[in-house]
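Engineer: Each chain is listed here by its residues.
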Amino acid sequence: MLQTISILLENKPGALLRVTGVLSARGYNIETLTVAKTLDPELSRMTITVDVEDRLRTQVVKQMNKLVNVLQASDLTDSPAVIREMVLVRVRCPQDSRTSVLKEAEIFHSRIVDSSVEGFAIEATGDPEKLDEFIEVMRTYGEIEVSRSGSVGMSLETRKLRLQPPVQAAVPSGPGAVSSSTIPSGAAPSGSAPVPVI
Amino acid sequence: MQATDHHPHIRRAETGKLMTGAEMLLECLAREGVECFFGYPGGVTIPFYDALYSHHIRHVLVRHEENAVFAAEGWARATGKVGVCCATSGPGATNLLTGLVDALMDSIPLVAITGQVHSKLIGSDAFQEADTFGITRPATKHNFMVKSIAELPQIVHEAFFLAASGRPGPVLVDIPKDVFQARGHYTPVDTIHLPGYKLFTEGHAGQIRRAAQLVLEAERPMVYAGGGIILGNASAELTEFCELADSPAVCTLMALGALSVNHPSYISMPGMHGSYAANMAMSECDLLIALGTRFDDRVTGSLPTFARHARVIHVDIDPAEVGKNRNPDIPIVGDVKRVLSKMMKVMHELKAEIAPEAAAKKTEVRQKWWKQVRSWKEERPYDRARSATEIRPQHLMDTIDKLSGGQAIVCSDVGQHQMWAAQLIGFNEPRLWINSGGLGAMGFGVPSAMGAQMARPDKLVFAIAGDGGFQMSIPELATIVSQSLPIKIIVMNNGYLGMVRQWQTLFYNNRLSSVVLEGFPDAEKLASAYGFAGRTVEKPEELEDALRTAINYPGPYLLNVKVTPDENVYPMVPAGGAIFDMVFAPETPAVVSA
Ligand SMILES: Cc1ncc(C[n+]2csc(CCOP(=O)(O)OP(=O)(O)O)c2C)c(N)n1
Ligand SMILES: [Mg+2]
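First to last, the protein sequences are chains A and B. Going by our numbering, the first residue of the first sequence is number 1, and it counts up by one from there. Going by our numbering, the first residue of the second sequence is number 1001, and it counts up by one from there.
Okay, chain A solo, but in the shape it has when bound (with noise of 0.2 Å):
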């Protein structure tokens, strides 16, 4: 089954690759991935779809959420969230249909976004299953072009965000000084209030 995740991440070299790698070491193909900055320009959100054993789903989003660059990587596919799509169709009709395309058009919610003797370049939005029923429809008409943009996704649940706060910096190493490589790992000054994961 398809498994839409959702990811915050800082906007750092490699950050990206880094996600797509957890998918690609485990040998799993994405089907759609969309990436844009936030209000933060420094961070962006990914929504990526993929097709994930049941048995490994949670185990791919720990995987992400391990990762440095990565603030929260979120399973949406179980839990209440909006995805959306869209897609340009350029669809190539005889004179005859073109009224019919432009109902059909209508009736999706879609928008003529080019109009020309030969047909019509169409945008729709939504639900990626009904995008799959508006292309099956176009289709009937004559020759179509696709181009899709992947799922946007996003959580109706408010998610608690849980970052890690600074840490003081390697110490001048005099006699008996610590440095960052010797402190404990549970050294996470107070104010981390760790969240149970479990």
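Don't read these hints as lab results, they were simulated from the structure. A few of these clues could be false.
[As the list claims (entries may be wrong)] Which chain B residues face chain A? A few, computed with CB under 10 Å, are given here:
hint, residue
1, 1032
2, 1130
3, 1133
4, 1141
5, 1193
Here the structure is a predicted model, which means the values were calculated and not measured. Even for Gly, the Cβ is constructed at its ideal location relative to N, Cα and C.
Chain B with the ligands: place on chain A using the hints.
Structural biologist: For chain B with the ligands alone, coordinates are given in the frame of chain A:
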């Protein structure tokens, strides 16, 4: 730099000082407490090595970059500190790859510095350019490419922090030549902020309480301790826990020494070549307490049959390991040292509430379990038998065990010798047994011993290798000599790529395809060509004296021990089988029922 050799730590560069990127890198390494690192120079790192020339940090010139990582790992595994290595761009960087993955698999804290071509040339297929950042991404916990001198100190300290904290691992920093050469004002870094780097340390209090309850209630508890105990310096807590829980324990290949071999709770190593008692006890327990371990296939065998009667408590610092291979009844994500301390506190509280009759009954039930575990131990101990005519591999490891007394550092290569060493050599403490567990990289033994010996000059260090793996490491004999490292190299020479030969014998009709190692050099001549002592021993009655001579020799020693060529490592759980279905040596056929 103002630091002197005698007090390298006293004075550090002051804020705003103008220095080159190379000097800045050294300043950061010094601040991280780096005393020594391993590397190999090249075109783009010459500016760095130039700054190093007059710096107090010790650099060890290895003879191949792969061995720089292995040596840094040896250092890290022996001390718990971050190991550091360095290579030039292109071929230097690609030569690091095996070692990086090795450190990743075994969660070893490591920082690798690589040179990169001049920023202006990146992407132009310049001489000795490789996409190090891309190539090493899946081989590291995290990696960085430094774009300018301004971000250099921050990145270096972040690299050390990432390497050492949480679940440790290798971090690579790729630095273009012009960044080494650039000049900038140095500002010490005071904070590290990695908002997406989630550290889980404390463990969930409710789950810890439930776990404590289960431990007290269990009739047949079993502690399954992994490398996380050693990485998390939780050996003392583990020992106390086993006593408080009144539970037997196994230590995985990565955890040998986490619980002393002499501790009454200690059974042995479990898994593919684990002992009969360890595997039976894992299979029959009713509560499996997995601590800092990842249910590796070499331990569990077929998962559905693994610890099939048991409820499972799984403590690990990495949330992705919990529930990965086995769904635990009680998952606890946290630092095993802290979690164990908390769990023991709760256990004390709960114990105080137990009525005396109930406690007495529990003791009775537990005694039955202990009796069972002990009888498994006695029924089929590891084979240590000797032959009058040949040196059996088991004889060799047994003698090393005797002479080491659980105190020596043993760095092993990969193969049959590794399994016999793990079975038969005991360790009183953590950080004495050093081996490539997860990756199983041949060529690890000798260079990791160099790192361990550099870090622990006070210790007797053995490098145990097969005749195959040793030949991957011969170039480092020069490093050993030039650094005057008194490592005792013991080659268990069976004339074969023994572990592969064993599989061919058992599962491929003994068709020995490409496993015969002809042409092994004369050990004495080889050692003397490098300027130290060595010999070959083949008579069983000479073995112990030969080992004693090696140990007492004031310097490195190469002992080539010719052993029975066709011994197989037993017990053995065939790949994918259940761990209670062990195969034993043919001379002692046994029916194993579970
Ligand atoms: C780099 C590398 N290549 C190949 C292997 C596969 N392998 C595992 S054990 C082994 C045989 C090792 O032979 P030797 O070093 O003589 O040790 P022995 O098993 O005989 O003790 C081989 C080839 C490996 N683990 N690592
Ligand atoms: Mg061999």
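Engineer: Using 10 Å as the Cβ threshold, decide whether residue 1032 of chain B counts as touching chain A.
Structural biologist: 5 Å, holds
Engineer: Is the shortest C-beta separation between residue 1141 of chain B and chain A less than 10 Å?
Structural biologist: 8 Å, holds
Engineer: Would the hint on residue 1130 of chain B be counted as holding, given a Cβ-Cβ threshold of 10 Å to chain A?
Structural biologist: 15 Å, violated
Engineer: Taking the closest Cβ pair, is residue 1193 of chain B under 10 Å from chain A?
Structural biologist: 4 Å, holds
Engineer: Given residue 1133 of chain B as an interface hint, is its Cβ closer than 10 Å to any Cβ of chain A?
Structural biologist: 6 Å, holds
Comparing the model with each earlier hint shows a violation of hint 2 alone; every other hint is respected.
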